[in-house]
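A.B. asks: Sequence:
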Amino acid sequence: MPRKARIKSNTGIYHIMLRGIDKRNIFLENEDKLKFINDIKKAKEKGNFNVFGYCLMDNHVHLLLQESEEIGTSIKRITVAYAGWHNKKYDRIGHLLQNRYLSEPVNSEQYLLTVLRYIHQNPVKANIVVNAREYKWSSFGEYYLFYNEQKTLIDGDLIQSYFKTFDEFNAYTNESNDDKCLDIKNAKYSDKKMTDMIINLYKISNLPILSMDKKRQIIQEVYKKENTSIRQLARIFGISKTVVDNVIKMDK
Numbered sequence: 001m002p003r004k005a006r007i008k009s010n011t012g013i014y015h016i017m018l019r020g021i022d023k024r025n026i027f028l029e030n031e032d033k034l035k036f037i038n039d040i041k042k043a044k045e046k047g048n049f050n051v052f053g054y055c056l057m058d059n060h061v062h063l064l065l066q067e068s069e070e071i072g073t074s075i076k077r078i079t080v081a082y083a084g085w086h087n088k089k090y091d092r093i094g095h096l097l098q099n100r101y102l103s104e105p106v107n108s109e110q111y112l113l114t115v116l117r118y119i120h121q122n123p124v125k126a127n128i129v130v131n132a133r134e135y136k137w138s139s140f141g142e143y144y145l146f147y148n149e150q151k152t153l154i155d156g157d158l159i160q161s162y163f164k165t166f167d168e169f170n171a172y173t174n175e176s177n178d179d180k181c182l183d184i185k186n187a188k189y190s191d192k193k194m195t196d197m198i199i200n201l202y203k204i205s206n207l208p209i210l211s212m213d214k215k216r217q218i219i220q221e222v223y224k225k226e227n228t229s230i231r232q233l234a235r236i237f238g239i240s241k242t243v244v245d246n247v248i249k250m251d252k
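Numbering (the UniProt record's numbering), first residue to last: 1 to 252.
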């Protein structure tokens, strides 16, 4: 089946999410995050795209970019450079990031502000920090530098047209909200991807032939942690939806 075409943004602005393959961590040390940010800088110099925001979490990355060259080319510049360096550093081979990055178009300036706040609040909502300003690996700190007229990676002029001071920007960022944007928890997997992920995580070879006790354990754990459904779990484990539903209810 051919891949579904990406939805084009009429502003050229995209919210991008990159994920580690099989949910693996893509940043193991602070040096890794520094390298990734440097790769964004180098890609920006070559591709001349605008950077409105970013946030580096251990197993995924949020980027808020405006394309100059085609957005996929810019993303490839970043990911190829980082994955090659990472694999060499950790003496590993194979893919580090999922080949197909996730994206959503940002078709209005209002949604741009929403996505930027959402990205900066990612570590807050993950209970890593209390305030966005405390997290070192997002572009929030870059905006502090920008408002203080220092050189930064981000292109902040458009954001500054809405928030004249950093205090205004900070207040907006930390407002209580129910923003809904592209997120790792909302990323859905095909049956094959979900099956492969479970096989890799649990070091097993065939899901349908597992004992019922083992199926029960895995189903309960996967249903809690992943964006999957009773229907999908029934298909990949080769059991009925009723059985899966009962297994999940037993865990409540």
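Just so you know, not all the hints are guaranteed correct.
[Unchecked claim] Distance condition first, Cα-Cα at most 20 Å in a straight line; then the derived SDA-like pairs of lysine to any residue: (1) Lys35 x Lys8; (2) Lys8 x Glu109; (3) Lys46 x Thr73; (4) Lys192 x Tyr223.
[To be verified] Using C-beta positions, here's what the derived DEER-type ranges look like: (5) Lys46 x His95: 21 to 29 Å; (6) Lys214 x Asn25: 36 to 44 Å; (7) Glu168 x Ile209: 27 to 35 Å; (8) Asn48 x Asp191: 38 to 46 Å; (9) Ile128 x Ile209: 33 to 41 Å; (10) Ser205 x Ser176: 46 to 54 Å; (11) Lys193 x Gly12: 23 to 31 Å; (12) Ser176 x Asp213: 19 to 27 Å; (13) Gln217 x Asn48: 48 to 56 Å.
Please keep in mind that the hints were generated in silico from the structure rather than gathered at the bench. Beta carbons: idealized from backbone N, C-alpha and C, even for Gly.
A.B. asks: Now, for every hint given, state plainly whether the structure supports it.
C.D. replies: Verification of the supplied hints:
1. Lys35 x Lys8: Given that 20 Å is the threshold and the Cα spacing comes to 29 Å, the pair is violated.
2. Lys8 x Glu109: holds (16 Å)
3. Lys46 x Thr73: Roughly 10 Å between the alpha carbons, so the hint for Lys46 and Thr73 holds.
4. Lys192 x Tyr223: With a Cα-Cα distance of about 16 Å, the restraint between Lys192 and Tyr223 holds, given a limit of 20 Å.
5. Lys46 x His95: 21 to 29 Å: Between Lys46 and His95, where Cβ atoms are some 23 Å apart, the hint holds.
6. Lys214 x Asn25: 36 to 44 Å: violated (26 Å)
7. Glu168 x Ile209: 27 to 35 Å: With a Cβ separation near 60 Å, Glu168 and Ile209 fall outside 27 to 35 Å, so the hint is violated.
8. Asn48 x Asp191: 38 to 46 Å: Because 40 Å falls inside the window, the suggested range holds.
9. Ile128 x Ile209: 33 to 41 Å: Once the Cβ atoms are compared, 40 Å apart, the range 33 to 41 Å for Ile209 and Ile128 holds.
10. Ser205 x Ser176: 46 to 54 Å: Check passed, 47 Å falls within 46 to 54 Å.
11. Lys193 x Gly12: 23 to 31 Å: Cβ of Lys193 to Cβ of Gly12: about 29 Å, so the range 23 to 31 Å holds.
12. Ser176 x Asp213: 19 to 27 Å: Hint violated: Cβ distance 44 Å, outside 19 to 27 Å.
13. Gln217 x Asn48: 48 to 56 Å: 51 Å Cβ-Cβ, so the 48 to 56 Å window holds.
Going through the hint list in order, the structure does not satisfy hints 1, 6, 7, 12.
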